[in-house]
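A.B. asks: The task is simple: from the sequences and hints, build the whole structure.
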Amino acid sequence: MPSSVMPTSNEGAHPSPTAVSAIGLRKSYGDKVVLDGIDLRIPAGSVFALLGPNGAGKTTAVKILSTLITADAGEMQVAGHDLATAPQAVRAAIGVTGQFSAVDGLITGEENMLLMADLHHLPKGEGRRVTAELLERFDLVEAAKKPASTYSGGMKRRLDIAMTLVGNPRIIFLDEPTTGLDPRSRHNMWGIIRGLVSDGVTVLLTTQYLEEADELADRIAVLNDGKIAAEGSADELKRLIPGGHVRLRFTDPAAYQTAAAALREVTRDDESLALQIPSDGSQRELRSILDWLDSAGIEADELTVHTPDLDDVFFALTSSTTQPKETVR
Amino acid sequence: MSALTLAVRDTNTMLRRNLLHARRYPSLTLNLLLTPVMLLLVFVYIFGDTMSAGIGGGGADRSEYIAYIVPGLLLMTIGSTTVGTAVSFANDMAEGIIARFRTMAIHRGSVITGHVIGSVLQSVMSVVFVGAVAVAIGFRSTDATLLEWLAAFGLLTLFALALTWIAVGIGLVSPNAEAASNNAMPLILLPLFSSAFVPVDSMPGWFRPVAEYQPFTPAIETLRGLLLGTEIGHNGWLTIGWCVGLTVLGYFWSTAKFSGDPKN
Ligand SMILES: Nc1ncnc2c1ncn2[C@@H]1O[C@H](COP(=O)(O)OP(=O)(O)O)[C@@H](O)[C@H]1O
Ligand SMILES: [Mg+2]
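Each protein sequence line maps, in turn, to chains A and B. Using my numbering, you'd call the opening residue of the first sequence number 1 and step up by one each time. Using my numbering, you'd call the opening residue of the second sequence number 1001 and step up by one each time.
Hints in this document: simulated from the structure, not taken from any laboratory. Note that the coordinates shown come from a computational prediction; the quantities given were computed from them, not determined experimentally. We treat Cβ as the ideally placed atom computed from N, Cα and C, and that holds for glycine. It cannot be assumed that every hint is accurate.
[Claimed, not checked] Label-pair distances were calculated between CB atoms; the ranges are: (1) A/Val-33 with B/Ala-1094: 25 to 33 Å; (2) B/Leu-1146 with A/Gly-153: 56 to 64 Å; (3) B/Phe-1153 with A/Asp-31: 50 to 58 Å; (4) A/Ser-28 with B/Trp-1149: 57 to 65 Å; (5) A/Val-33 with B/Val-1042: 56 to 64 Å; (6) B/Val-1042 with A/Lys-146: 53 to 61 Å; (7) A/Thr-70 with B/Asn-1182: 44 to 52 Å; (8) B/Phe-1207 with A/Arg-128: 19 to 27 Å.
[What the hints assert, rightly or not] No more than 20 Å apart at the CA atoms, straight line, and that leaves these computed lysine to any residue pairs for SDA-like: (9) A/Lys-227 with A/Lys-238; (10) A/Lys-124 with A/Glu-136; (11) B/Lys-1257 with A/Pro-87; (12) A/Lys-145 with B/Leu-1019; (13) A/Lys-146 with B/Ala-1022; (14) A/Lys-145 with B/Leu-1020; (15) A/Lys-146 with A/Arg-129.
C.D. replies: See below:
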């Protein structure tokens, strides 16, 4: 899948202030080390994705940064407040949507929203206004008077996020916001998250999906086995591993042999009669490859262009746990 | 906003949420009322003759036995309502909404306090309901003064508060609703081993101390004294002691459990 280039927000002369930072964050459950000293710095107003397979420690990291559980060690600051000494100030600045829905299923969607408004101490009228506005924005008006327990997964997720937004938090944690959603709801959710970003809030999201991190995040940290295996923009991560190539496939073995002999700098795949030519996938390089094939009189039956995507990066970084730590800055 | 205003305001919000649950799902509360009401009817109309014969020393006057068991059943109603508290608290924990509360800048204690106040109100309402059934089938207090009625009401409320705090603790340590309901069983079973249905004197000797000093018996005897004019003796102080003790124990247990890292 081709990846779009996302701008990194902390470039330029004036680096944004830090919204979330962690240095040497550690957490173990008994003998099990879940977070083995991770460092994070999330500039204000950016989207940061914590990408990792199941069990990598994403939820644990979010729970710690959102004051839900305490870390064993580490210096953490959120919105300029120290997690250890001023958790209540941190809570006032953040909004959290956990991995599992945190709605009150026994009451209606609207009542859930009004409950949040009350807990944020909004005046009655203001609470009603914000509730109506968010229900509208998240397409929940029709379901507003129904118990939240009757909502579909996608609706619950939307209500969850709508509830998180009631207090107008400047920093939002989203733990696997699209896991378990159908493709349509997922795209909806992406739109919602992009909307948040355009409002200038800082988002820390976790995901198992590379495509999602690629779509949404300014910076991505690959979390594996309690450590940050790599960190950078999507493009920086992709540059970490080779893998871009043009693939030529033949149906006629004789044509394949001729081509393989004529093109020396290629990787052969005799079984499927395919040749791989290293390439970064740019138009210029593609044209020169095509010219070269023409001049050599080679006509492949199929030509495909492969750019390395985050999947390649992900698998390269997470396939072996003995992988040395690589960091792009 | 001062810390106190914040506490009161958030507690009030949590209380309203709790009462909304009760109003939305009255069947939960009604189910819990079923046990004491059934027991009342069964003991009076089915076992009534034998039981009253046993208590009245031969005479089979049913109204006397009604008078005898109603105080116990009122307290049992509280026990049974607080099982609901344990279950709903465990349910809340499983719902994840509590996790959301924990990440919000609200008064921490309000989550529990709102629940406790709501539960006590529910208990009191349940007691009024079962009391009304009792009056309907012939329960009458023997010339209790206004002060004694107030004291009886205070006793029931205090008892409800104590059991509710314990129930919240049980709900907090139970992984799910079923476990909470099982763990809270003693709150329903204890009254059966009290002086609720038969006098402690009529129980086997080895069991008497257990029956006599467990929380329900002194409370029942005190309530009997207030409503029916029987001897209260040291039971008043025992009751207050139990109520205060259980409240303090439940309070510290629950708040310690709640303020620590959540289980999952
Ligand atoms: N409360 C807990 N007790 C024991 N182990 C836990 C607890 N919470 C998480 N873990 C373990 O920590 C690891 C990371 O979990 P988690 O942070 O949920 O990962 P992720 O969200 O990336 O899937 C897992 O191996 C999980 O089993
Ligand atoms: Mg997780």
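A.B. asks: Check each numbered hint from earlier against the structure, then list the numbers of those it violates in ascending order.
C.D. replies: 6, 7 and 8
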